[in-house]
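**Q** For reference, the chains in residue letters:
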Amino acid sequence: MGLEEKLPSGFLLSTVEGLAGYMRKASIWPATFGLACCAIEMMAVGTPDYDIARFGMERFSATPRQADLMIVAGRVSQKMAPVVRQVYDQMPNPKWVISMGVCASSGGMFNNYAIVQGVDHIIPVDIYLPGCPPRPQMLLNAIIELHKQIETSPLGVNREAAARAAEEAALSATPTHQMKGLLA
Amino acid sequence: MSLSTAAYDIALSLPAGVTGLAPANDNPVADFSDTPWWVALIKAVGVFVYLLLSTLLVIWFERRVIGRMQQRPGPNRNGPFGLLQTLADGMKSMLKEDITPANADRIVYTTAPLIAATMAFVSFAIIPLGGTVSIFGHETPLQITDVPVAVLLVLAVASVGVYGIVLAGWSSGSTYPLLGGLRSTAQVISYEIAMGLSLVAIFLYSGSMSTSQIVAAQSSLWYILPAFFSFAVYVITMVGETNRLPFDLAEGEGELTGGFHTEYSAMRFAMFYLGEYVNMFTVSALATTMFLGGWQAPPFIAAIGDGALNGGWWGLLWFTIKLWMFMFFFVWLRGSLPRVRYDQFMRFGWRFLIPITLAWVVAVAFIRGAQLGFLGQGTFTIGGRELSVATVVIVSIVAVIALAAAWIWDDKRAEREAAAEFNPPEEIDPFEGGFPVPPLPGQRLREPSGLAVGSGAASREPVTSSVTSTLTSSPVKEETHG
Ligand code: SF4
Numbered sequence: 001m002g003l004e005e006k007l008p009s010g011f012l013l014s015t016v017e018g019l020a021g022y023m024r025k026a027s028i029w030p031a032t033f034g035l036a037c038c039a040i041e042m043m044a045v046g047t048p049d050y051d052i053a054r055f056g057m058e059r060f061s062a063t064p065r066q067a068d069l070m071i072v073a074g075r076v077s078q079k080m081a082p083v084v085r086q087v088y089d090q091m092p093n094p095k096w097v098i099s100m101g102v103c104a105s106s107g108g109m110f111n112n113y114a115i116v117q118g119v120d121h122i123i124p125v126d127i128y129l130p131g132c133p134p135r136p137q138m139l140l141n142a143i144i145e146l147h148k149q150i151e152t153s154p155l156g157v158n159r160e161a162a163a164r165a166a167e168e169a170a171l172s173a174t175p176t177h178q179m180k181g182l183l184a
Numbered sequence: 001m002s003l004s005t006a007a008y009d010i011a012l013s014l015p016a017g018v019t020g021l022a023p024a025n026d027n028p029v030a031d032f033s034d035t036p037w038w039v040a041l042i043k044a045v046g047v048f049v050y051l052l053l054s055t056l057l058v059i060w061f062e063r064r065v066i067g068r069m070q071q072r073p074g075p076n077r078n079g080p081f082g083l084l085q086t087l088a089d090g091m092k093s094m095l096k097e098d099i100t101p102a103n104a105d106r107i108v109y110t111t112a113p114l115i116a117a118t119m120a121f122v123s124f125a126i127i128p129l130g131g132t133v134s135i136f137g138h139e140t141p142l143q144i145t146d147v148p149v150a151v152l153l154v155l156a157v158a159s160v161g162v163y164g165i166v167l168a169g170w171s172s173g174s175t176y177p178l179l180g181g182l183r184s185t186a187q188v189i190s191y192e193i194a195m196g197l198s199l200v201a202i203f204l205y206s207g208s209m210s211t212s213q214i215v216a217a218q219s220s221l222w223y224i225l226p227a228f229f230s231f232a233v234y235v236i237t238m239v240g241e242t243n244r245l246p247f248d249l250a251e252g253e254g255e256l257t258g259g260f261h262t263e264y265s266a267m268r269f270a271m272f273y274l275g276e277y278v279n280m281f282t283v284s285a286l287a288t289t290m291f292l293g294g295w296q297a298p299p300f301i302a303a304i305g306d307g308a309l310n311g312g313w314w315g316l317l318w319f320t321i322k323l324w325m326f327m328f329f330f331v332w333l334r335g336s337l338p339r340v341r342y343d344q345f346m347r348f349g350w351r352f353l354i355p356i357t358l359a360w361v362v363a364v365a366f367i368r369g370a371q372l373g374f375l376g377q378g379t380f381t382i383g384g385r386e387l388s389v390a391t392v393v394i395v396s397i398v399a400v401i402a403l404a405a406a407w408i409w410d411d412k413r414a415e416r417e418a419a420a421e422f423n424p425p426e427e428i429d430p431f432e433g434g435f436p437v438p439p440l441p442g443q444r445l446r447e448p449s450g451l452a453v454g455s456g457a458a459s460r461e462p463v464t465s466s467v468t469s470t471l472t473s474s475p476v477k478e479e480t481h482g
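Chains A and B are the protein sequences, given in the same order.
Number 102 in UniProt numbering belongs to position 102 of the first sequence; there are no gaps in the numbering.
Number 137 in UniProt numbering belongs to position 137 of the second sequence; there are no gaps in the numbering.
It is possible that some hints are incorrect.
Claimed, not checked - Here are the computed lysine to any residue pairs in the SDA-like style, where the Cα-Cα straight-line distance is at most 25 angstroms:
1. A:K6 to B:M91
2. A:K6 to B:D98
3. A:K148 to A:A166
4. A:K6 to B:I99
As the list claims (entries may be wrong) - Chain A is faced by these chain B residues, among others (derived, beta-carbon under 8 angstroms):
5. N78
6. Q85
7. T257
Said to hold, decoys possible - So the derived label-pair ranges between C-beta atoms look like this:
8. A:T15 to B:P36: 39 to 45 angstroms
9. B:I301 to A:L3: 46 to 52 angstroms
10. A:A81 to B:L440: 49 to 55 angstroms
11. A:L3 to B:L52: 20 to 26 angstroms
12. B:V160 to A:A163: 43 to 49 angstroms
13. B:R68 to A:Q149: 27 to 33 angstroms
Keep in mind the hints are simulated off the structure, nothing from the lab.
The beta carbon of each residue, even a glycine, is placed where N, CA and C say it ideally should be.
Can you make the complete structure from the sequences, with help from the hints?
**A** Shown next, in the form of structure tokens:
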């Protein structure tokens, strides 16, 4: 509701942070949509063998207004890009994005005019998941990683501080083109 | 609802007249004379908490049971056995951004979920949850209040609750919610008629519309037996009334995205969710009260220790068990049935449920009339058994009507079958439509008039004639004709 963002820093905020983090990670409803072959693996995660319901995530919401997580499962074509962006914009905050498969993460094998070379050109991505396609277990792993991220995500003034620190770190890091020797 | 009101009048006039079979008055048997306002308040808060906790539990229960039905574990990560799942869903909704679309009508858009959520709770005020108990030294029934027309109140409140859905659909300012809201209106209007009619039989049996009186009237026999048909109709309509699968047309994901709540997010959506589940509890509680003896213990348990387990706080236990049986039924339905098509759903409601329930109500009226001796007390003896004239008359009337109905139905079916039978003409011209058409089994091809069709016909002729010959000589032809 936004109230939690206005708390002063200190004990109260960190308690609310912990509680909100737990509640948010415990209830993540993904938006219903898939773009290509990766989507089949995403659906497989809903089957009894893998059962995404264990995390309380089986409620894929058909309307983006009730979704928390966008799993970009498949390559994003230039034509689809505005649609993906619109769905993302329709989701209420806070929202997260998993870029599933190499195509969504970097364009993958489709190095051509038709495919967006990585969905992070159009929406911010929280977790990149490699693989072509990633196995259902890998998607579950990505989800668990995202849970860890959400659970420890700061709120209010703490979030601003964290964002500032991340920006500082990015500015002072060595740019890739200046890196020398074996990159490992 | 004018029909149920009429039944109420009948119920009023019935008992005064004849024998001592019917209850002497229709006023609630629950005695609230020793209930100060603060005890009523405690009970109201208690019911509210009871419903909220039940809702938290039932959503978890539903997801787990459906998981089991599909051979998967279901939510089990958050809290012991995943019990915190529903709480997390609710809290998360509270922490989410609340979006109001630019096209929405703000005031209506905000009030709609409030109506849906609050109305769901109201009906529970008249449901008897248990027998008479002592709260802080005051003897009071475990029921917030009761009125002579309590069941009508439930029906009325249910209709007001639908406004929440309709207004939500209308005020969202987009197409899917509007369609969802419209569907919901039509659905609830058509199914509430059948629901009200099915309850009329209960009013006739109990001679009252007050819930405590209906429960008391069932002390010897639960109405699920004499009014079995009403029970079946009620169970069907209660699913339609609560917008649950297989009748969840108002929010069918395949067709309408989210239906009426497509544009709702965060807490406002959670309120619809809450309303839906509390509504399920309400209709189940009404079913328990009307058909399953309310809070009364099952017969064999009621017999223990002269009814020691049949009253007071124990009633709450039996009531809850019966309530949850219905909840399980809801979940079971959802786990096994696909959504029905909208037109089929409407046709089922209007063309089957309503007329047949009307006929049932008339039959019940006659049976009750016979039981109360309206048709005379005369008896006669056949083979050593004494039979009441009234019963024989009623049974024979019902038998004659059933026979007539079966006859008419049989005729209709024969007609329909005759109409459905397709008799292809014996001989067809394959080039009639300008394009060669193969013959159906048992059909003969008319020989093409070679010149008219052109040079190509000459080469085709042997082929077609061979087809004709195989067809005419084949045994298949004999079979289809015979
Ligand atoms: S990563 Fe592989 S499986 Fe996934 S969309 Fe691309 S090509 Fe298909």
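**Q** Take the hints in turn and mark each one as holding or not.
**A** Results for each hint:
| no. | hint | in the structure |
| --- | --- | --- |
| 1 | A:K6 to B:M91 | holds, 18 angstroms |
| 2 | A:K6 to B:D98 | holds, 16 angstroms |
| 3 | A:K148 to A:A166 | holds, 18 angstroms |
| 4 | A:K6 to B:I99 | holds, 19 angstroms |
| 5 | N78 | holds, 4 angstroms |
| 6 | Q85 | holds, 5 angstroms |
| 7 | T257 | holds, 5 angstroms |
| 8 | A:T15 to B:P36: 39 to 45 angstroms | holds, 41 angstroms |
| 9 | B:I301 to A:L3: 46 to 52 angstroms | holds, 50 angstroms |
| 10 | A:A81 to B:L440: 49 to 55 angstroms | holds, 53 angstroms |
| 11 | A:L3 to B:L52: 20 to 26 angstroms | holds, 22 angstroms |
| 12 | B:V160 to A:A163: 43 to 49 angstroms | holds, 47 angstroms |
| 13 | B:R68 to A:Q149: 27 to 33 angstroms | holds, 31 angstroms |
In terms of the numbered hints stated before, the structure departs from none.
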